[in-house]
Amino acid sequence: MVDAVRLLQLVINGAAAGCIYGLIALGFVLIYKATEMINFAQGDIMMLGGFFAFALIAHFGLNYWVGALLAIALTAAFGFALDALILRRVIGQPQFAVVMLTLGLGFIFRAVAGITWGYDSVGFETPFTNRTVKLDGLVLGADNLSIIVGTVLLCAVLYMFFSRTRLGVAMQASSQNQLAAYYMGIPVRTVFSLIWAISSGVAAVAAILLAPVSMIDVNMGFLGIKAFAAAVLGGFGSIPGALVGGVIVGISEQMSGYYLPAGFQEVTANVVLLGTLVLRPQGLFSDALRKRV
Amino acid sequence: MRTLFRTSYQHDIRLWRHGGDVFWYGLLGVVLLLIPATLGEFYVGELGGVFIFAIAGVGLMLLTGYTGLVNLGHAAFLGIGAYTNAILLHAGVPFVVTLPAAGVVAALAGVAIGIPTLRMSGLYLAIATLAFGAIVGTVLQKWDSVTGGFDGFAVPTPTIFGWPVEGATGVYYLSLAVLVFVLWVGANVLRSPIGRAMVAIRDSEISAQSMGINLALYKTVAFAISAGMTGLAGALFAHYVRFLAPDSFDILLSIQFVTIVFVGGLGSLHGAIFGALFVRLLPQAIAMVRDDLPFGIGRMPGLEPSLFGLILVLCILFEPAGIYGRWIKTKRWFQEYPLHRRAAKRRQKTYARSERLR
Amino acid sequence: MSLFHAQDISIRFGGIRAVDAVSFEVEPGEVFSIIGPNGAGKTTIFNLISRIYNPTSGRLVFNEQDITTTPAHRIASLGIARTFQNIELFANATLLQNLLIGRHCHTQASFLAQLGFLPSVRREEITHREKAEDVIAFLGLERYRDTLIANLPYGVRKVVELGRALCTEPKLLLLDEPSSGLNLEETEVMGFWIEDIKKDLGITVIMVEHDMNLVRQVSDRVMALNYGRMMALGTPAEVQSHPEVIRAYIGGEA
Numbered sequence: 001m002v003d004a005v006r007l008l009q010l011v012i013n014g015a016a017a018g019c020i021y022g023l024i025a026l027g028f029v030l031i032y033k034a035t036e037m038i039n040f041a042q043g044d045i046m047m048l049g050g051f052f053a054f055a056l057i058a059h060f061g062l063n064y065w066v067g068a069l070l071a072i073a074l075t076a077a078f079g080f081a082l083d084a085l086i087l088r089r090v091i092g093q094p095q096f097a098v099v100m101l102t103l104g105l106g107f108i109f110r111a112v113a114g115i116t117w118g119y120d121s122v123g124f125e126t127p128f129t130n131r132t133v134k135l136d137g138l139v140l141g142a143d144n145l146s147i148i149v150g151t152v153l154l155c156a157v158l159y160m161f162f163s164r165t166r167l168g169v170a171m172q173a174s175s176q177n178q179l180a181a182y183y184m185g186i187p188v189r190t191v192f193s194l195i196w197a198i199s200s201g202v203a204a205v206a207a208i209l210l211a212p213v214s215m216i217d218v219n220m221g222f223l224g225i226k227a228f229a230a231a232v233l234g235g236f237g238s239i240p241g242a243l244v245g246g247v248i249v250g251i252s253e254q255m256s257g258y259y260l261p262a263g264f265q266e267v268t269a270n271v272v273l274l275g276t277l278v279l280r281p282q283g284l285f286s287d288a289l290r291k292r293v
Numbered sequence: 001m002r003t004l005f006r007t008s009y010q011h012d013i014r015l016w017r018h019g020g021d022v023f024w025y026g027l028l029g030v031v032l033l034l035i036p037a038t039l040g041e042f043y044v045g046e047l048g049g050v051f052i053f054a055i056a057g058v059g060l061m062l063l064t065g066y067t068g069l070v071n072l073g074h075a076a077f078l079g080i081g082a083y084t085n086a087i088l089l090h091a092g093v094p095f096v097v098t099l100p101a102a103g104v105v106a107a108l109a110g111v112a113i114g115i116p117t118l119r120m121s122g123l124y125l126a127i128a129t130l131a132f133g134a135i136v137g138t139v140l141q142k143w144d145s146v147t148g149g150f151d152g153f154a155v156p157t158p159t160i161f162g163w164p165v166e167g168a169t170g171v172y173y174l175s176l177a178v179l180v181f182v183l184w185v186g187a188n189v190l191r192s193p194i195g196r197a198m199v200a201i202r203d204s205e206i207s208a209q210s211m212g213i214n215l216a217l218y219k220t221v222a223f224a225i226s227a228g229m230t231g232l233a234g235a236l237f238a239h240y241v242r243f244l245a246p247d248s249f250d251i252l253l254s255i256q257f258v259t260i261v262f263v264g265g266l267g268s269l270h271g272a273i274f275g276a277l278f279v280r281l282l283p284q285a286i287a288m289v290r291d292d293l294p295f296g297i298g299r300m301p302g303l304e305p306s307l308f309g310l311i312l313v314l315c316i317l318f319e320p321a322g323i324y325g326r327w328i329k330t331k332r333w334f335q336e337y338p339l340h341r342r343a344a345k346r347r348q349k350t351y352a353r354s355e356r357l358r
Numbered sequence: 001m002s003l004f005h006a007q008d009i010s011i012r013f014g015g016i017r018a019v020d021a022v023s024f025e026v027e028p029g030e031v032f033s034i035i036g037p038n039g040a041g042k043t044t045i046f047n048l049i050s051r052i053y054n055p056t057s058g059r060l061v062f063n064e065q066d067i068t069t070t071p072a073h074r075i076a077s078l079g080i081a082r083t084f085q086n087i088e089l090f091a092n093a094t095l096l097q098n099l100l101i102g103r104h105c106h107t108q109a110s111f112l113a114q115l116g117f118l119p120s121v122r123r124e125e126i127t128h129r130e131k132a133e134d135v136i137a138f139l140g141l142e143r144y145r146d147t148l149i150a151n152l153p154y155g156v157r158k159v160v161e162l163g164r165a166l167c168t169e170p171k172l173l174l175l176d177e178p179s180s181g182l183n184l185e186e187t188e189v190m191g192f193w194i195e196d197i198k199k200d201l202g203i204t205v206i207m208v209e210h211d212m213n214l215v216r217q218v219s220d221r222v223m224a225l226n227y228g229r230m231m232a233l234g235t236p237a238e239v240q241s242h243p244e245v246i247r248a249y250i251g252g253e254a
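Just so you know, the sequences run in chain order A, B and C.
Anchor point for the first sequence: position 210 equals 210 in our numbering, and the numbering is continuous, going up by one each time.
Anchor point for the second sequence: position 184 equals 184 in our numbering, and the numbering is continuous, going up by one each time.
Anchor point for the third sequence: position 247 equals 247 in our numbering, and the numbering is continuous, going up by one each time.
A few of these clues could be false.
[To be verified] The list that follows gives simulated cross-link-like pairs (lysine to any residue, SDA-like), each with its CA atoms no further than 20 Å apart:
(1) 329(B) <-> 147(C)
(2) 131(C) <-> 14(B)
(3) 33(A) <-> 120(B)
(4) 131(C) <-> 193(C)
These are computed hints drawn from the structure, not numbers from a lab.
Excised from the complex, chain A in its bound form (with noise of 0.2 Å):
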C-alpha cells in the first residue's frame, strides 16, 4: 500500500533536486546548441555562482536578493569573458579538444575557489531556509518549494527572451546556421558569448536556489554529470526537454532510493542516462539529423 503522502514528499524533493539538474542541464544545451562545444565545467560554474553569492551576502552582508542578482551578473561577466577569452580560440578543434579544455578549466575553478575560500562547506542566509509551507495538512519545505518555482519562473522568462526579443532571435538563429546569421549582420562570436553569459547566469541561479537546501563547497560542481543524464534524456537540442529531462531523474533518483536497496540511487542517475543512450539517443523530444552524401 503506498502512503500518498510519502510519495508526494519523494515526488516533490526528485522535482526539486530535478530542477537544479534542469538548470544545468539547460547551460549545456544552449551552450551545445549554439557552439557544438560541451562544457564540462558548467557544474564548475554553478560552484563559482554560489560563492559569489556567498562572499556577497553572507561576507560582505548584501541584502538577499541584491547580493543573489550581483552574484548572477557577476558570473555572467565570467562566462561572457570565458567565451571571449579562451573558447574563441579553439574553434575548429576537434570536439574532444574542447572536452579537455573545459576539464583542464574546470580543475582551476575549483582550485581558485578552494584557494580563496577554502575547502570546508559554507552557507548564507536566505529567505526560504528553514521555513515550511502548510497546505491542506500537508506540510512542504519551503526551500525545495522554491526551487521549483524558481526554476519555472525563469525559464519563463528566458521562453519569453528567446522567443520575444530580437537578441533572443539573434541568438537561435545563430544556432542554427552560423553563415547565414552573419549575412544577416548578427554578430555571431558575441552573440555567442552572450549565450555562455547566459548559461553562467542560469548556472549561478541554480546555485543560488540550491543554497537553502545544501552548503556551497569546492566539489558541488559534480552535480553537472547528473545534469548529463537530463540533458540526455531531454534531448541536446531541447530546452524545455532538458528541465522535463531533470525532474524525470530526479524523482527516479527519489524513488530507487527508498524503493530500492541501499547503493541503488546512486547508480540511478547513470544508468538513465545509458539507458537513454542507448535506447533513445535523441531523447524524448529531440530529432535525429542525418548527413546526406
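Based on the hints, put chains B and C in the right spot on chain A.
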C-alpha cells in the same frame, strides 16, 4: 636531413624506418634494463608506475587517437583488470594465468560497453562512457563480498614459475616487459588491416562502410583491444599499489588517462609514453619545487590539480599536437637547420566541422 | 543476363518520394549514365545501390543475387564500389593508406594473426601493396603516394577517390559526378580513364553526371530522371533529343 630510400615493400611494413631507429631504440632498451641497478628504489618505483600508465595510455590511444572513439570511463577497465587479477591470485590461481585473465575479462567489459555505444558518436559517446565508468566504479565499491568494498583488498605477491616478483624492481621489469609487448601488438595493429579500418572509421564512417568495413565489428574490436591492454595494466597496477581501494578507479583517474593521450600527442604510440611520463612525473616535480615557490604558493592546497588543469588548457590552446608533436617539430628544426622554415610549424587555420552530421 | 537490375525501386523520406518506381538494367561491360536536374534522385539511387539507404519498395539484383537487404559493408566484397559526390576520403591518412583501405574487402587474415603480425599477414600486406601500386600507376599518382589527403588539391583528390574504388577490384563501379570541380583538361583525362576502365579492366560503370560532353563521350546508354521518376532511357543521342528531357532542362510551354 635524412631521405628515406625505400627499395622494397618490407621497408614500408617493418617497424623501424632506418638503421638509426634501431640504434637509438636499442640504446634506450639497454638504459632501461640497467636503471634498477643504478637508481634508487624510489625512482625505480616511479618508473614502474609510468610504464603501467603508459600501457593503459596505449590502449586508450588506439581507441581514441586512432579509432576516434572518445572514452571518459577508461579507469573502469583498469579497475576491472586490477580486481580480476587480485581476486584470482587470492584464490590460488598462478600469476601466469591471472595476468592474461585480467586482460581477457577487461576485454569482455570493453565489448560490453562497445556494443550499446555502436551508433553513438562524439558527445553522446563521451557521456555514455562517462556513465559507464561511474557505474563500474560504484559496483566495485558496493560489491563488498567480492571486492572487499571500502575495506580494500590486499594484493598477494605474484610468483612466476616459482620466482617471486618482489618489490619495486620486480614491478619495474614486469611492467617494462608488458609495455614492450603491448607496444609491439599496437604497432602490429597499426600496420594491419585492423589499424587501417580504425583510422577509416575515425575519418569517414560512410565511406569506410563502402570499402567493406563492418563498423559494428571494428568498433567492438577497438574497444576490446583497448580494454584488454588496459586490463593488463590494471593487473600490474594491483601489484604497484599492493592494496586496492575501490574509489581509486574514478572519473579523476579517467581524466588522467585522457590527459595522457591528449598531452602526449593524439594519434601516435609515442604520445602514450610521453603522456604517461608527464602525468606521473608532474606531481613529483611539483613536490620537489613546492617549498621553493614564492608567495607561499607551494603551501596552497589544490596546487596539483590546478597546475594539471592549467597545463592541459595551455596545451590545447597552444600545442594541440601534444608533447610528441613538439618533439617532432624540435627534431625537424635540428635536422633542417639553417634551412628550417617557420611556416612549417604554423598551425593551419581549421574550420569547425559539424560533428552532428558525420 | 544483365549484371545489375533495379526493379521498381522506390524510397520515401517522409512525404517526399525521392525515387519513385525506377527500373533499369545494366549490361556487363557497358557505361550507363544517369542524368537529370539537381534533386532528381540520382545520388539517392547510388545510396540505395550501395545500401546506405533502405528502399521502401522494389528489388535490387546484382550478379543474379538479391541485394535489397544486404548490409552496407558487404557490398564491397560482392563487387560493387562507389565514389562520392563530395569526396569522402580519409583526410588524416596518406594516399597510399587510403588505397590500402580500399583493399580491405580482400582481407583474409584473422584478427589474432593480425595482432601478432604473422607471416601470412605480411604476405597479404605485400600483395595489397602490389595491387595498390598497380592502381597508382594506372592513374599516375606516384608523386603523391605519401602525402596526406588533407594536403592534396581537389583535382587530385577526385582521382584518389576513383583509385580507392578501383582498389576493391569491383565488377560494378558507381561514379558520382566524377567531373564536378574539374577543369576541361582534367575532365578530358577523366573521360579517358573511364574508357580505359571499361575496355582494359572490363569493369561495368554506372555514372551520375551533369557534363553532357562527358556523357556523350563515354556512355553506351543513358537514363534521365526527374523528380525521382524516369523520363527517358536509351542511347545518348536518343535521350538528349527526348522532348520530356528537353522540357525538364530548358523548360517548355506552360
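Notebook entry, point to check: Hint by hint, which ones does the structure fall short of?
Noted result: none
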